[in-house]
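**Student:** Those protein sequences? They're chains A and B, same order as listed.
Each residue of the first sequence is one higher than the one before, starting from 1 at the first, in the working numbering.
Each residue of the second sequence is one higher than the one before, starting from 1 at the first, in the working numbering.
Source of the hints: derived by calculation from the structure; they are not laboratory data.
Yeah, the Cβ is synthetic: ideal placement off N, Cα and C, and Gly gets one too.
Be careful, since some hints might not be right.
[Claimed, not checked] Listed below are the simulated DSS-like cross-link pairs for lysine-lysine, each with C-alpha atoms no more than 27 angstroms apart in a straight line:
| id | chain 1 | residue 1 | chain 2 | residue 2 |
| --- | --- | --- | --- | --- |
| 1 | B | Lys642 | A | Lys305 |
| 2 | B | Lys240 | A | Lys3 |
| 3 | B | Lys123 | A | Lys72 |
| 4 | A | Lys317 | A | Lys166 |
| 5 | A | Lys305 | B | Lys632 |
| 6 | A | Lys340 | A | Lys351 |
| 7 | A | Lys138 | B | Lys139 |
| 8 | A | Lys456 | B | Lys123 |
| 9 | B | Lys139 | A | Lys72 |
[What the hints assert, rightly or not] One side only, chain B facing chain A, incomplete, derived with CB under 7 angstroms:
| id | residue |
| --- | --- |
| 10 | Pro57 |
| 11 | Arg243 |
| 12 | Lys285 |
| 13 | Asp405 |
| 14 | Tyr417 |
| 15 | Met418 |
| 16 | Tyr423 |
| 17 | Arg428 |
| 18 | Gly437 |
| 19 | Val490 |
| 20 | Lys494 |
| 21 | Thr507 |
| 22 | Gly509 |
| 23 | Leu637 |
| 24 | Tyr638 |
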Amino acid sequence: MSKIIISAAIRGAIVIVDRVEKKVNEAIEKFGADKAVAFPNTGYYLPTIYAILGTPVKTLGDMKPVLEECRKLLPNVPQEGLWLPYLGAGLDAGMAALWAFDIEEAIKYVEDTPYLLAEDCTEEQLWLGAADDIIMRKRGVEFVDGSAPGFAAIVGAAPDNATAVKLAKELQEKNLYVFIASNENGISFAEQLREEGVQLGWNTRLVPFGKDTSAAIHALGFANRAALAFGGVEPGDYDRILKYNKNRIFAFVLALGEVSDEQYAAAAGVINWGFPTIATSDIPQILPTGVCTYEHVVSNVPYDKLVEKAIEVRGLKIQITDVPVPVAYGPAFEGERIKKESMHVELAGPKAPGFELVRMKESDEVHDGLFEVIGPDLADIEAGTRLPLAIEVEVSGRKMQSDFEPILERQIHHLLNGAEGVLHIGQRDIIWMRISKKAKGADFSLKHFGAIIHAKFHSEYGAILDKVQVRIYTEQEKVEQLLGEAREVYAARDSRLKDLTDDAVDLFYSCTLCQSFAPTHVCVISPERPGLCGAYNWLDGKAAFEITPTGPNQPIEKGNTIEEVKGQWDGINSFIYSASGNQIEKFNAYSMMEDPMTSCGCFEAIAVLLPMANGIMVVDRDFAGMTPCGMQFSTLAGSVGGGLQTPGFVGISKLYVASKKFISADGGLARLTWLPKHLKEFLKDHIIARAEEEGLDDFINKIATEEDCETEEEVMEFMAKVSHPALTMDPMF
Amino acid sequence: MSDENKVDITGIDKASIEMIQKAADEGVELVFDRAKKIKPCPIGAVGQCCKNCMMGPCRLAGKDAEEKHGVCGATLGVIAARNLARMIASGTACHGDHGRDIAFTLLAAAKGEAPGYEIKDEKKLHEVAGWLEIPTEGKEKNELGIEVANACISMFSSQTGELPFIKRAPKKRQELWRERGVIPRGIDREVVEMMNRTHIGMDQDVENIMLQGFRCALANGWGGSMVATELQDVLFGTPKPIRGKVNLGVLKEDYVNIVLHGHEPTLSEMIAAMSQDPEIIAYAKSKGAEGINLSGICCTANEVLMRHGIPTAGNFLQQELAILTGAVEAMVVDVQCIMSYIVDVSKNYHTKIITTSRKAKITGADYVEFDEHNAVESAKGIIREAIDNFANRGKVQIPDIDTHDMVVGFTDETIAYMLGGTYRGSYRPLNDAIISGRIRGIVGIVGCNNPKVATDDVHTLLAKELIKNDVLVVVSGCSGSTIAKSGLLVPEAKDMAGPGLREICETVGIPPVLHVGSCVDNTRILIACTHMVKEGGLGDDISDLPVVGVAPGWMSEKAISIGHFTVASGLLTIFGVSFPVTGSKEMSDMVFNKYAEMFGGKFAFEPDPLKMAELCLDHIDEKRKALGIDTKTERVLYDMEKRRDLQF
């Protein structure tokens with residue numbers, strides 16, 4: 001019965017709070033109460049405390065009042081007989097334990113960084129600790145669009161390494177993130193995986209946070225920051241934070257092996273978030289529902305049923321297309337690296353020709369399910385060989401349009417990458433692939449490229465296509481011949497896209513995919529303004545609507561023009577008003593100064609007004625440094641996210657900078673004064689081309705980067721030096 | 001004790017039997033004896049007697065009673081309706097006056113004119129202010145307390161409009177009340193109008209009389225009683241789960257025993273506080289006692305039990321028995337349900353009966369007027385009088401059998417907290433438990449004890465049968481103290497529950513029978529029902545819930561008033577003992593059938609506890625079927641699209 005669980009949780013919570021209080025006192029004695037504390041590159045303080053209590057813990061001294069709150073919540077352990085109701089008390093105790101864990105982990109960062117600050121583990125350092133905001137936003141998007149349906153928080157260890165590997169792979173194949181912490185008798189699940197050579201880190205969705213149970217708080221921190229960043233929930237609005245997690249973040253705890261009092265405390269704590277615990281050992285269960293969606297604690301589950309049971313208990317529905325390949329398959333394998341030593345073959349890349357192309361054909365020209373390899377296959381070559389590669393996909397379907405060809409083609413990258421032991425980089429004629437020896441050893445063949453593309457195209461795009469055939473060429477001569485034809489197709493597509501302008505169409509597309517996370521946010525996608533996440537352009541919207549007519553991408557009639565220059569139409573306004581739940585009345589497509597578009601939290605970059613410079617800067621989420629506006633990306637993101645309109649700030653996709661309609665009402669590209677260096681490099685060709693069109697002389701060299709200046713004053717000095725055009729433009733506001 | 005003097009009484013606890021035997025041995029008459037001696041008037045018992053004017057009294061009895069008319073021409077139906085309606089008016093007046101007194105105490109406390117009282121639950125104060133639409137921002141608690149008290153006081157004098165607490169009910173219920181024209185305009189007005197309409201020559205249409213009866217009853221449940229409950233919480237704190245004990249064995253031989261009896265907690269709270277006063281304790285010790293032992297009888301017992309864990313000496317029918325122990329120095333009474341015969345019983349022992357309310361004096365008792373403006377001194381004076389009486393004790397016989405522990409304090413707030421803690425407290429787990437069938441339904445066992453029936457058994461057998469069938473039982477008033485005596489209010493009693501209810505009890509750590517408080521606290525049940533409706537999944541009105549109210553041993557007019565606001569709120573309400581309209585077919589049809597058409601709730605009459613349980617289960621199953629939760633529901637698994645529909 002739950003009395004045993006709750007009693008253990010309360011005992012555990014008391015031990016944790018006592019221990020952490022001692023640690024805080026020792027730290028204050030050593031470093032002083034004013035010593036700053038933070039998880040590096042995050043904008044949400046100690047996120048579990050910040051989310052629930054709204055208290056920003058900035059110093060060691062700030063931890064004391066939080067510990068007082070912990071004390072207030074800690075109940076007595078239920079007595080043997082004549083006990084008082086304990087369920088609510090147990091959840092309170094768990095909450096206190098989690099706050100204490102947040103503090104305990106933060107103290108670790110005071111002296112030096114105890115964890116590896118990176119996305120992937122290295123041979124030397126396994127534990128990654130708190131994810132920074134860059135990771136959180138990048139990965140958060142996957143939770144938003146459903147490519148990651150949830151996460152499993154694993155504590156303890158599997159009975160042996162093989163079971164650990166099997167469990168991890170099963171979770172990966174279900175597209176779940178696996179957050180790993182704690183240990184059982186000194187052995188951790190993450191260590192078990194590493195011993196077996198499993199690649200660990202954010203890129204394979206197997207994330208080792210830390211070996212202490214307290215490190216499990218980083219899983220919760222991730223979830224809370226998602227609620228704050230994407231859900232637009234105010235810190236301290238605990239009711240919405242917790243319900244957001246219950247109804248949006250489908251997470252659960254897998255307790256492997258014996259469950260300690262501290263693990264019980266943490267498990268009781270996360271029930272507050274609606275995250276149930278599924279245990280392998282024979283502990284008591286809490287089956288009645290209501291705080292979590294379904295059961296709260298389910299136990300004695302055998303390892304081979306663990307994932308299935310956990311998904312059922314959490315109420316998750318995961319649709320997996322069965323991809324008929326002899327290796328594991330799922331997005332979790334997309335981030336896998338294949339080193340030279342472990343590679344069987346390299347295909348295309350810088351040293352051999354290659355391309356991929358999707359073309360629409362008449363129905364009688366396509367033989368569905370035909371996969372042909374023309375040229376040598378994996379079995380025909382020595383390990384370490386390099387081959388040219390052409391992937392030619394031909395599709396037909398009554399609802400297929402030639403406009404959808406590039407959309408389908410773009411999918412090939414992640415579809416092939418999803419196979420374990422297959423690496424795919426680039427697109428069109430700059431692809432580069434590797435296949436591992438291990439995959440080859442498992443009888444993977446190039447034919448399986450066809451099997452993957454066939455299965456996934458049918459499952460995801462079945463509404464627009466009926467037939468798919470795939471030919472793989474690996475003969476130098478043939479590939480070179482086809483490459484010429486492919487390049488003609490690419491050129492024709494590009495020129496057609498040039499004609500596709502906002503003014504030339506009557507329909508824009510909405511994107512409310514993010515409303516699963518940011519309920520009032522509505523993206524309006526026009527031909528010249530892609531979705532701010534960078535993942536959806538106008539054609540994607542069009543195709544998505546064909547595929548799912550009632551889905552999150554709906555056509556919107558522009559209607560009558562209200563503001564031609566600023567880009568405001570009555571049809572768009574009325575759509576936004578209703579789709580935002582009557583929160584947003586109007587919006588200007590081409591201005592960041594007046595009624596700009598709202599931002600969910602998934603934006604690739606943020607454009608920010610630099611008032612003194614009479615211009616703007618753009619910073620993307622991969623830049624963790626300080627920017628000339630005085631805020632880091634993570635801080636900025638906090639002020640534009642959550643479905644708010646914030647004049648002077650707007651969330652954008654990176655490529656929007658190169659659009660003719662990029663803040664055209666505010667002066668356009670000529671306003672751009674500063675970019676992070678890597679972003680400037682990324683956009684270089686686009687900016688040069690656009691500057692030429694605008695008649696801006698040598699403009700690319702007039703954009704400063706972090707190497708030129710760090711403050712707005714320095715930006716102004718830089719602008720003066722290079723005679724930046726913004727200096728002579730009309731005031732921005 | 002000679003064998004021929006052995007009392008023959010069943011269906012009551014052993015401690016009581018010991019005292020009843022003692023009374024028989026010592027020649028003291030008790031309520032049980034009088035109940036046997038006085039045969040109930042068979043005509044009055046079924047509503048056939050009218051004494052509203054002196055052209056009569058008219059008795060419309062016999063085979064052709066239905067065709068008969070009173071001297072004024074009143075039909076049997078009208079007579080039965082008027083009698084019933086007057087009972088409602090009296091019950092509403094009782095609870096209304098209780099609420100009014102509490103509101104005036106709050107006013108005095110907030111103004112600083114009642115030393116010793118203060119606002120203890122600010123959260124509740126703000127919540128009540130919200131329902132009264134009083135802006136709270138920036139207001140100091142006493143400033144807000146004055147406004148809240150005045151707004152509550154004006155509910156009594158209000159002449160038009162709607163009582164503000166009506167808004168707390170589910171929307172659909174409010175609309176139904178509006179449609180039927182039964183929303184109270186003012187508490188006093190509805191009582192006055194009820195008395196007026198039942199005067200000779202006034203309202204002579206059965207349905208029209210009873211509609212005003214409902215309006216008057218709603219002025220109790222969503223008016224006077226609710227004012228009492230909420231403002232008591234504001235003043236004395238909202239109860240939380242706490243341990244207590246019940247039965248005569250809680251009296252302590254070496255202590256000065258003061259028994260608090262009646263209904264309002266104003267005086268008892270102060271006596272509880274002052275009994276801790278070191279000076280008072282020293283005084284008790286100076287008189288040879290170990291200290292002061294407080295215990296309660298009737299609803300005062302429930303008030304001090306829920307807030308302080310002060311033990312309950314007994315229910316309504318044990319008030320005389322407590323005196324028989326010879327251990328009670330003083331029985332301090334205020335209002336309602338005080339049998340005047342306790343004065344007669346006390347003459348055989350040293351016990352002092354101290355009446356304290358101007359509204360309820362008893363000839364032969366000591367009278368110490370209680371004034372909330374001077375409460376500390378009043379309380380100290382009463383305690384001193386009890387201490388002084390310690391020396392006058394004769395032989396003491398405290399029964400040490402059938403004393404039971406209990407865990408109490410289950411308010412509507414407690415329920416939400418215990419199911420999810422500070423941060424996730426809600427009714428969701430309760431609704432889920434009902435939907436999943438772990439809890440089949442909920443039955444409120446409320447009301448009095450009646451010596452005409454086997455008083456403890458009827459309550460206890462019903463409760464046991466219900467929990468065995470996975471029905472969660474909530475209790476209040478004397479039903480609570482009665483059922484507690486059979487040990488059902490301890491968490492270990494889960495083992496007597498069916499497997500589903502037992503699992504919920506084990507998950508949450510609760511007894512299968514939850515004590516919500518005194519008889520005015522029946523409003524907590526109404527609010528809990530409303531929370532269940534609002535939580536979702538169990539229909540959109542209280543009448544959709546698989547919930548039943550039962551008063552197995554009722555006797556007072558308050559019970560009739562409570563029964564009517566329960567019916568008006570949409571619940572099936574089962575009364576035991578007898579029902580005072582069964583002499584009229586027209587009125588029987590009205591209360592047992594037509595009420596359901598009007599409000600979704602109705603009365604049923606059934607004296608047998610096991611048959612009562614059967615009625616409850618049938619009704620619960622019917623409601624479950626209507627809700628579509630009679631079969632196992634499929635587990636919904638959420639993909640991204642479904643998740644987007646989930647609110648947060």
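**Student:** Now, for every hint given, state plainly whether the structure supports it.
**Tutor:** Do the hints match the structure? See the list:
1. B:Lys642 - A:Lys305: 25 angstroms, holds
2. B:Lys240 - A:Lys3: 19 angstroms, holds
3. B:Lys123 - A:Lys72: OK: Lys123 of chain B and Lys72 of chain A at ~17 angstroms, within 27 angstroms.
4. A:Lys317 - A:Lys166: 21 angstroms, holds
5. A:Lys305 - B:Lys632: Holds, at roughly 24 angstroms.
6. A:Lys340 - A:Lys351: 14 angstroms, holds
7. A:Lys138 - B:Lys139: Between Lys138 of chain A and Lys139 of chain B the Cα gap is close to 46 angstroms, so the pair fails against 27 angstroms, i.e. violated.
8. A:Lys456 - B:Lys123: Violated, at roughly 56 angstroms.
9. B:Lys139 - A:Lys72: 26 angstroms, holds
10. Pro57: 53 angstroms, violated
11. Arg243: 6 angstroms, holds
12. Lys285: 30 angstroms, violated
13. Asp405: 5 angstroms, holds
14. Tyr417: Hint holds; Tyr417 of chain B Cβ to chain A Cβ min 5 angstroms, cut 7 angstroms.
15. Met418: 4 angstroms, holds
16. Tyr423: 5 angstroms, holds
17. Arg428: With Cβ-Cβ at 4 angstroms, under 7 angstroms, it holds.
18. Gly437: It is violated, given that the least Cβ distance between Gly437 of chain B and chain A is near 11 angstroms, above 7 angstroms.
19. Val490: 6 angstroms, holds
20. Lys494: With Cβ-Cβ at 9 angstroms, over 7 angstroms, it is violated.
21. Thr507: 5 angstroms, holds
22. Gly509: It holds, given that the least Cβ distance between Gly509 of chain B and chain A is near 4 angstroms, below 7 angstroms.
23. Leu637: 4 angstroms, holds
24. Tyr638: 5 angstroms, holds
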